[in-house]
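Chains as they are written, first to last, in the working numbering: chain A, 219 to 539; chain B, 31 to 292.
Treat the hints with caution; some may be incorrect.
To be verified - Straight-line C-alpha distance at most 30 Å; calculated DSS-like pairs for lysine-lysine: (1) B:80 with B:223; (2) A:235 with B:281; (3) A:534 with B:282; (4) B:282 with A:510; (5) A:494 with B:80; (6) B:282 with A:345; (7) A:275 with A:235; (8) B:60 with A:537; (9) A:326 with B:281; (10) A:494 with A:534; (11) A:234 with A:494; (12) A:534 with B:264; (13) B:264 with A:345; (14) A:345 with B:114; (15) A:229 with A:326; (16) A:494 with B:281; (17) A:494 with B:282; (18) B:281 with A:510; (19) B:60 with B:226; (20) B:282 with A:234; (21) A:235 with A:534.
Just so you know, these hints were derived from the structure itself, not from any lab. Values in this document were obtained by computation on a predicted structure and should not be read as measured data.
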Amino acid sequence: MTRIGVFCEEKDGVIKKAVFGAVTAARRAHEAEVYAFVLADDAEMFRLPLQEYGVEKVVAVAGVNAPASPDRQAEALCRAVDDFRLDALLGVASAAGKDLLARVASLKGAPLALDCLELDLSSGIVKKSHFSGRTTAVLQLKGRPWILGIRPNVFPAVAAPREAEVLTCRPPVEAPQRMAIREIRPEAAGGVDLSEAEVVITGGRAVGSADNFQILRECAAVLGAAVGASRAAVDAGFAPHAVQVGQTGKTVSPRLYLACGISGSVQHFAGMKTAKCIVAINNDPEAPIFGKCDYGLLGDLFEVVPALTRALSRRKESKDA
Amino acid sequence: MRIYVCIKHVPDTAANIRPLGGPVFDETIKFIMNPYDEHALEEALKTREKTGGEVVAITAGREASAATLRTALAMGADRGILVKTDAYFTDSLETAHLLRQAIERDGAPGLIFTGKQSVDSEGMQLPYRLAALLDVPVVADAVAFSIAGDLVTIEREGEGGGREAIEMSAPCVVGAARGLNRPRCPTLPDMMKAKKKGIRIIDRAELAVPDGLSKVEVLDLQPAADRGCGVILKGGPEAMAEELLMLLEEKKLFSREADGGR
């Protein structure tokens, strides 16, 4: 039997979607027993969605959210890893997931691989990007427990319903005095989370101004997409760094990626090359992105993007009718 | 205050990486300072301007890493330390042990800056590992930094552009993200001056770090598959838009959104 824990990130009482991909991956271990860990005082509300994906035990790691402090949460999760004698702890390599998994691995001196693209939970061999996605590294993890963060959207979620048991553990974690979250400023409302978005539309320098990003936002609204920007667009002040896609920004792995007015540098590809389908809109037939996309639309983004928005709206209306 | 900045000598991100079997790749390419480490160093230099003291750039790597230490000295670091290793890839835990030993031998850190990740192995864990070994607090992904006495305030970005302000006590480890600052470019006189600054070389064998600490071994490097040239659509904007949607629907790449979305 292999005991696999999955750290389940939640937001406002809803488990993040990419977590179910991690649960599905965990289930593939030899005779897997899958434990889902939620940082909450009670996990009953998370039982239904998690048992749908084959979790056997839903564990509330209680008493760590008030006041929230990353090192305290990590310490509690470490205790849970020990108490449940886990062979591996999986999670999603989101901003919060990466932080917490790295803290747990460091406290335990355990092997850690983040942003994994493939996992073999019997051998401890994982694949992940090296050199900005230019190569894929095959890594061997040595010594238990393995701590693994998966890249969002890469692992499909497959349902496997069963009855799950709900438990609560309350690790005796002292509140350390050396770190505290003082303020949380939430993101602007209505935006789709970039790292986990299924559809992403990004603009490059050719978009020309911050105001012009509005045509991308309009298209995104119909597509249900998150809006991102290339480094050139961020450097030019058209978009905030928080939405930069690429090597020194966010890594995205959506089902569909639309690059508008982006030439397609290696650094940009480092942040989006695992997208299932890449569509490029560019008026330069020589743009490198046309050499490595699935569909290229040769044309002016100021004409093509609004045309796309209109075509999408027409479809939506005819379906709604 | 003594500020340590951990930096890494990495291949230029635009360089063509040619795997040569196992963890070996053709190293006759251009190397640079890891881009995130430039932000770490810049923040250390700005902090020194306010608090006074000394900025020490430190790296663990092959002898060639001295070139990147030189760049750090040209940017304004006071001196450098190179922990010399044989292998190109040293896993994060081992690197953290080497850096910790070298730092503790050198002096008491008031602050430690690192990049939030390196662009070669993309491990994203060195700041955490180092902090755990030094038993100090850590925040990575820092986009704002300030210090008043012993109190360090960091802002970090969450998903979707939200921000968190975190307070911790120095000494601590800060992992720099790109939004933190704009790194300075060394001038020619800076580079000349850097030649006179000292780099201390410590052989890995001199440090009491046993072999076999490594928890992650690189078995192989595989060239990532390029998707190759796809279908290029031409014509009027409306026609291209319609054609694209048809192609995407055929591949079921977007049916859910057309149904009204999530």
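Exercise for the section: Any hints from earlier that this structure breaks? Give me their numbers in increasing order, please. Expected result: Those not satisfied are hints 5, 8, 9, 13.
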